[in-house]
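Turn these sequences into a full structure, and let the hints steer you where they fit.
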Amino acid sequence: MARKRMIQAINEALAEEMARDERVILFGEDVEISIMGDTRGLAARFGPDRVRNTPISETVMTGMAVGAAAAGYRPVCHMMYGNFLYTGFDAIANQAAKLRYMTGGQITLPLVFMGVFGGGRSSAAQHSDAMHPLFMNLGGIKVVLPGSPADAKALLKAAIRDDNPVIFLQAAGRGGEAGEVPEEEVVATLGEAAVLRAGRDVTLVAIGSMVAPARRAAEEVAKEGIEAELIDPRTLWPLDTGTIVASVRRTGRLVVVDEARDACSAASHIVAVVTEHAFGALQAAPLRVTVPNVAIPYSPPLERRVIPDAARIAAALRRSVSAGGAS
Amino acid sequence: MLEAAPAVATNLSRDELLALHRRMLLIRRVEERLGDDFKAGTLPGPVHLYIGEEAVAVGVCAHLSDRDWIASTHRGHGHFLAKGGETRAMIAEVYGRATGICRGMGGSMHVADFSRGIIGANGIVGGGIALTVGAALAAQLDRKGHVAVAFFGDGAANQGVLMEALNLGALWKLPLVLVCENNGFSEFSPTATVTAGTIADRAAPFGVPGVAVDGNDLLAVWQAANAAVRRAREGGGPTLIEARTYRLRGHVEAEVTFLQGKYREESEVEAWRAKDPIARFASYLVGNGLATEADLVRLDEEVAAEVADAVAFAEASPWPEEGQELCFMFA
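Protein chains in written order, with the working numbering: chain A, 1 to 327; chain B, 328 to 658.
In short, the hints are calculated from the structure, not lab data. By construction, the Cβ of each residue, glycine as well, lies at the ideal position given by its N, Cα and C atoms. Keep in mind that a hint or two might mislead.
What the hints assert, rightly or not - These stretches of chain B come out as covered by chain A in the derived footprint (C-beta under 8 Å, 3 or more residues):
hint, segment
1, 421-432
2, 436-445
3, 566-580
As the list claims (entries may be wrong) - Cut-off 25 Å, straight-line C-alpha distance, at most; resulting in silico cross-link-like pairs (DMTMM-like, lysine to aspartate or glutamate):
hint, chain 1, residue 1, chain 2, residue 2
4, B, K471, A, D49
5, B, K471, A, E22
6, B, K589, B, E561
7, B, K471, A, D21
8, A, K223, A, E192
9, A, K157, A, E32
10, B, K366, B, E628
11, B, K500, A, D201
12, B, K500, B, E561
13, A, K4, A, E16
14, B, K500, A, E32
15, B, K500, A, D30
16, B, K500, A, D49
17, B, K500, A, E29
18, A, K223, A, D201
19, B, K500, B, D393
Below, the structure is given as structure tokens:
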């Protein structure tokens, strides 16, 4: 184990996968200089055939990734800010998510769209969305959000090796956050959640950027005798419903934390699935801790009010265990 | 913009010329059949016919092998057949059968055969352009001299992706040929009412050759494509070809059933019918002693038999099995 920043872990995953498979290519806006640091050094190491700056042309970039994947490469298309995925949305929603299906399985499309998501840095409304629910709804795209540097590395390596389109979204404010990363190679299995903390009283599901504040909230309420079981789905599509449902069957209570806007958030989907599959086990109404249905504001005190933090999560945990029947 | 040279001698043999004629005829007869089927109510979904534009697909695809890539449009049957896609598999696909090229998952607007370099028809106007940019990047990295060709319409020429593709393709010198089929209509709007300037001129600011060509003249298209494909194979980068042609059929079959008014005069359609690319090439062949009327009748009979065989095959084919609707999302 060594302590590494998330951005370093992502950089290592890219470098290792590019060294492992020469069909892996990387392109995007400013990937050569790398403003975030995640692609730094790759252009010098792998050369201009495999690492290329593109113009700020998201429409052609996303489509180009699909075409190059259909023609035998494994492109990683770096979109910088996740909000720019909207600009390149046609090729994601109408081509990448459907081309294999509508051609009867003739091809595989091994490609990764990557970018940062979420707020917390006063980047304001057009650079701060958590857009993963949109991609979950497409069906044909795997949606991956790491909650730690170790997972970022293991999940990105898995995403690059996967034969399907994958969206890999890293929380924007967390590139500098450090964590233990194993020295040996770890490749995650997409579609497998991780149980980060065992607990008997309430199931706490936290997504991507919300994993760290959820962990703090769980530790805080533990001092009050509330033991939360913390689960990071890691992959939102496909979603490991089995792990989450099994936990709720034990705890009888569910709180889901998601940096997406509330309506049709990943949290909403998880609550719906659990309610369908474990209704009889529920002792209290499931709770969602999400962003209200507003754009992300600029001013720091306003932004802090809309993005869930440890205090809001802890309050939801307390509310959950005090509601309904005895646990 | 460069005006393409008038059709003069190509180095094509008589057999090759007849094969091109046969390919145009095949597209025509397949589509006439599909039009009749739609009218009869036997097709599951809508069809957008390419009738009158056959010379473009055939003239361009004559230069391509199975290892070259094409992407096409919602009006994509012609490109599929011109690139060597199987008639049986295409008709079965449009019929929604298990033996269709896409096992009935895509239908008319998504006929594709990746084993022949056909990325496929596309239901999104301009949707194929960026896909061919990616295929051209792959071809460039492969260094085997393959190219990618995007077929798109005058409607798609008004999508921003064309500018992005011209810019990136020129910058990276991608082996890419952009073929705009200007058929006079963006769905139900005459091109002139929604399109400023000249489409072929849109290449010049990027240092890309822009060529306007008579899209109803098979040999003119063949020559323009010959130069563009060679330039792409040799590392010279993209070319934009504007093939001026005319959509003899509607945007979609049976459109009169839902349109309240007219968007063109019948006299205009008749004027273009007189410039039919197949009849025109037939008279070229006969006029130059390359074929007799009897040769052409024999070709037409051959094609009719191929279409009849494909229709019988499709009609006899089963529907896809229950459960297939949940397959193929992920590998």
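Here is what the structure says about each hint:
A count of 6 residues in the segment 421-432 of chain B with a Cβ less than 8 Å from any Cβ of chain A is obtained; the coverage claim is therefore met, three being the minimum. For the segment 436-445 of chain B, the proposed coverage by chain A is satisfied: 5 residues have a C-beta within less than 8 Å of a C-beta in that chain, meeting the threshold of three. With a threshold of 8 Å between beta carbons, the proposed coverage of the segment 566-580 of chain B by chain A is violated, since 0 of its residues qualify and at least three are required. Restraint check for K471/B and D49/A: satisfied, since their Cα atoms lie roughly 15 Å apart, inside the 25 Å limit.
Distance check on the hinted pair: K471/B and E22/A sit about 17 Å apart at the alpha-carbon level, within 25 Å; holds. Taken as a hint, the K589/B and E561/B pair is broken in the structure, with Cα atoms around 47 Å apart against an allowance of 25 Å. Restraint check for K471/B and D21/A: the C-alpha separation of about 20 Å stays at or below 25 Å, so the hint holds. Taking the CA atoms of K223/A and E192/A, the gap is about 30 Å. The hint is violated against a cut of 25 Å.
As the CA atoms of K157/A and E32/A are separated by approximately 20 Å, the hinted pair is consistent with the 25 Å bound. Simply put, K366/B and E628/B have alpha-carbon atoms about 24 Å apart, close enough for the 25 Å limit, and the pair holds. Restraint check: the Cα-Cα separation between K500/B and D201/A comes to about 62 Å, which exceeds 25 Å; the hinted pair is violated. Distance check on the hinted pair: K500/B and E561/B sit about 10 Å apart at the alpha-carbon level, within 25 Å; holds.
The hinted pair formed by K4/A and E16/A meets the criterion: a straight-line CA distance of about 16 Å does not exceed 25 Å. In summary, the hint linking K500/B to E32/A is supported, as the alpha carbons are separated by about 19 Å, within the 25 Å threshold. Among the hinted pairs, K500/B with D30/A is consistent with the structure: their alpha-carbon atoms are about 19 Å apart, no more than 25 Å. Straight-line distance between C-alpha atoms of K500/B and D49/A comes to about 12 Å, which keeps the hinted pair within the 25 Å bound.
Restraint check for K500/B and E29/A: the C-alpha separation of about 18 Å stays at or below 25 Å, so the hint holds. With a C-alpha separation of about 13 Å, the suggested pairing of K223/A with D201/A holds against the 25 Å cut-off. Between the alpha carbons of K500/B and D393/B the distance comes to roughly 22 Å, so the proposed pair stays at or under 25 Å and holds.
In summary, the structure is inconsistent with hints 3, 6, 8, 11 from the numbered list given earlier, while agreeing with the others.
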